[in-house]
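Participant: Take a look at the letters that make up each chain.
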Amino acid sequence: MSMGGHGAHGRYPPPPAPHSSLARPVLQAEELVQRFSRPPGKVYLLYGDRPVFDLSMNIASAMLAEGGHVVVADGGNRFNAHAVIRFAQYGKRNPDDFLRRIFVSRSFTCYQMEQTIVNRLPEVCRKQQANTVLILGLLDTFYDEQAPFREVRQILVRVLATLHELKRAGVSLLLACTDRQVLPEERNILFTTVKARADRVYRLDVRPEVSRLILEQEELSTPIIHRSGNEVPPAKGGDRYGTYRTDLHEHHRQRDRQLVEVPAGTPQGRPGTLR
Amino acid sequence: MNPGTSETIDGYLFDVYPSADGVVVWLLSTTGRRYRCLAPFTPSFFLHLSDFDAKRALLLGAQCPARVSFNRTTHTEIYSGESWDVLQVFVHNPLQFKKVVWYYERFFPHFAFFNSDVLVPQLFLYETGLFPLARGEYVIDEQNHLLTWTINDAREAMDYSLPPLSILWLRDANSFVPPKYRKYVQLEVSYDGRTYALEQHNPREVLETLNWHLHRSDPDVLITEYGDSILLPHITGLAQQLNVPLLLNRDPHAGYATTRESSFFQYGKIVHKDGAFELAGRWHLDEKNSFTLGEADLEGVFELTRLTQIPVQRQARASIGTSMSSMQLSWAYRNNVLIPAKKREPEEFKPASTLMLADRGGLIYNPPLGYHEEVAELDFVSMYPTIMVERNVSPETVNCRCCRNERVPELGYTICEKREGVIPATLRAVVERRSHYKRLKKLNRGKNEAEFRKYDHRQNALKWMLVSCFGYLGYKNARFGKIEAHEAVNAFSRDAILRAKEVAERGGFRMLHAIIDCVWLKKSGATEHDYEELATEIGKQAGIDISLEGIYRWILFPASKQDPVITTANRYVGWYRHDDIKIRGIESRRRDVPQFIKTMQQAMLDHMAAAQNVAEVQAMLPELLMIARNHIAVLRSGKANPMELVLRRHISKEPDEYENNSISAVVSKMVKAMGVSLAPGEMIEFIILDQSGTRKPEKAKPLALYAFEDGYDIEQYTEFALKAVETLLFPLGYDVGRLKVELGVGAPRKAGRRVVPQDRGRVGVQTFQIPLFASVGEP
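Each protein sequence line maps, in turn, to chains A and B.
Our numbering applies: residue 8 is where the first sequence begins, and numbers increase by one.
Our numbering applies: residue 66 is where the second sequence begins, and numbers increase by one.
Next comes chain A alone, as it looks inside the complex:
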């Protein structure tokens, strides 16, 4: 990893970090930024201590500095517009311009998160021609005990399937979440599942003396998960979910959709003809 004194894009050295302990990871994060920006179409996971979200905001800001649009699905109320403003100001750019090109939606339940990612995200990426997506705290809402574990696993299958569809469509996705053990313990498998499906996994290790960004997992030949979700074993008693969309009430939006809709009863691997 480069240890240079400037950020990934020369003109944009990293802005003053809100936490002093973050300074090093931001500098070390050049490779992550570079790899993430080109070529498009990947799913990266960045996890670790809490500053992963500050780092994510800086990565998003770096993408905005390149002139594109960024879409953020926020499951942990982690989006920080002020970090974007600071980054823009540091690079002597117009913060309003940055803020107008970053699109945010916050979710507070896993059901909302599913709706955001599965139904709204593909549409907003297409509409805004954005090929960079940040998903902050993807699993935060999935740890809510009010949501039955069986249901949560099914939702994660549908969410991951959508993320990989987006990846195939040329969108780069960065999933940022904190590293934590949750209770009940069975829910920890959710994180393991997300990790296993990421192309690259980075861990941010923040310590008082030195902070490190560690590449934990290189590209894996991860098979694409179909909407049927067969790659992740269904929960006990679970069954097929391939024919369901969560935006049942949004028929008008489905008309514009680029994604292939699989009609009921279609055998796997033979998508239907509806477009």
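Relax, there's no trap hidden among the hints.
Here are the simulated lysine-lysine pairs, DSBU-like style, with alpha carbons at most 35 Å apart: (1) B:K334 - A:K202; (2) B:K483 - A:K134; (3) A:K174 - B:K408; (4) A:K134 - B:K541; (5) B:K647 - B:K507.
To be clear, the hints were calculated from the coordinates, so they are not data collected in a lab.
Keep in mind it's a predicted model, so treat the numbers as computed, not measured.
Based on the hints, put chain B in the right spot on chain A.
Facilitator: Chain B only, in chain A's frame:
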């Protein structure tokens, strides 16, 4: 009744709960008879599926845990307003309704389910249009099957009659320490104006005596304190152990309906809620586990139960959100609208620039520090509910798919012009009812005390609904909620208060302070009439009524505890010209301040009632210091009543989870060592013995273990007192440092300053001898 005949009962619907063949309905006749009837009812839910999966659902019905039948029908989806084809699944055993839903949830995802997580009694009431306490003529057959009914009442009625109810109170005879924190209790029952202590030493005798009282009085309502968490679970547990059948239920065929206690986050705090212990055919209401009962008495519970169609026992324990939600569900049933099993409508993607603009609350103008005179307070009348009702703010109407009008100020969100939203439709009745009851309350003030109290309770119950309705709109689990609707209400409120400011300033008034829906204005020489005229003008401009709350003789905006040069928005105190005092946020109103400190501050404020202006307040300074000095002298002599020094805190975790040595940690561990298990969010009551913990690790003692000879930490309580005095006198130049000098309490803390007063006898659990909850055979 002869076979084949029917009987018409003129009476009230008392209770509803499910049974295997429908629902059990209890009726109270006007002649005083109670009827247990069975109403046939088949609850149903809906599945929105493709044709293929709908066929699959039919096939799956064969293996369902209860008999089901199906119907294809059409209902409306709320956000789009479209008609959807849905499969209605009827469950022929209402007791198995949940199981059938769970069964289908194994095969279909959550977003295919509608109307599936509503309780059966509520489904029955929504579908039939009945409501608890509905007065009518109910026809039953000889087997007590409810055949038909004619309701001579209306859910919307504001003038209604209630059945005469017999009440039995069951509580712990010792109110000093709540039974939650004790191992032994002494029960007492009260009815017909008499109280009986259950003093038997044998647990079996206690239960039999309780049975005798229940049989004798046959109450409609059993009111307890801590009945949900302690009394009834222990009494029934003991009855089971001793094999003594209890007469708690009026319905001998039914069991008890219980729910588990829970701890949850609410506005960043952990809150604890006791489980419920509901009876069949008789209401059990726990005064300590019912917000509505505490705030608005039985009258308030009855008002809400009629409006929300939630049976009384559940309504009494329901949160305000649940009550509002029930009104919305009822509306959905009446309008054939599908109720999603899970809320999933997320925030719309919006540019961060819009998010920064939208994600804000109401407007606050910080007030200038110190005492002020000739200040008037004007309050918008039910501002947020009025905005929601009048502007048609609802999840499905904000940014609807049919209109484009950018009606929401600043944000440019659209509000639907074609249909009224579920929130305004349900909230309108609440706003109107409360206004009506407030009028009646005013009419009866000083004339008819009973009527005055009745309408006060009713309006108070509704008030909390109006207070909560806005927050509920943004609540993550609100059935019909949406962030954009929440943001729109805030935007309208900011707009209204800015208009108020403009109008006031045009009239020569100065805005001193504003908090969301109140403004504090000042103009030299302005009369009440001037402010009334101003209020009328603001109301016209802002589109929301605003009323003059009063003109203050003086008002104090105290300094922030964090920074002495600024004020905080929610702390002030002042005396109105009409001799009322208004206190917000300062010690005498806070729940976490010991009574002794509150009493001292209140004494100072009472003395200040005579001051007509700020100069007179200043002139009272010597007397105010004297009041403080006298109270602090009592504290420092060690003669303060320790019961007035009790502090209350909610613990945020289980006792064993505390890693530090804070007072909460120490006290909760001591309570646990007593054998009392505390859950996060539960309250502890204690007296500080040594805040520093230098002399003893036991910094404080829980009330249940406290004895007078334990004394209290004089220095710590003196500190509390000085801070309360500082709140009032800081603007007059007295901070804690100067007060210490002035009041002669500057001596440093020394070891051994804890005062041990004369022995006044031990208090606490040890004096109570009835071992009701000890295991059988224990002395």
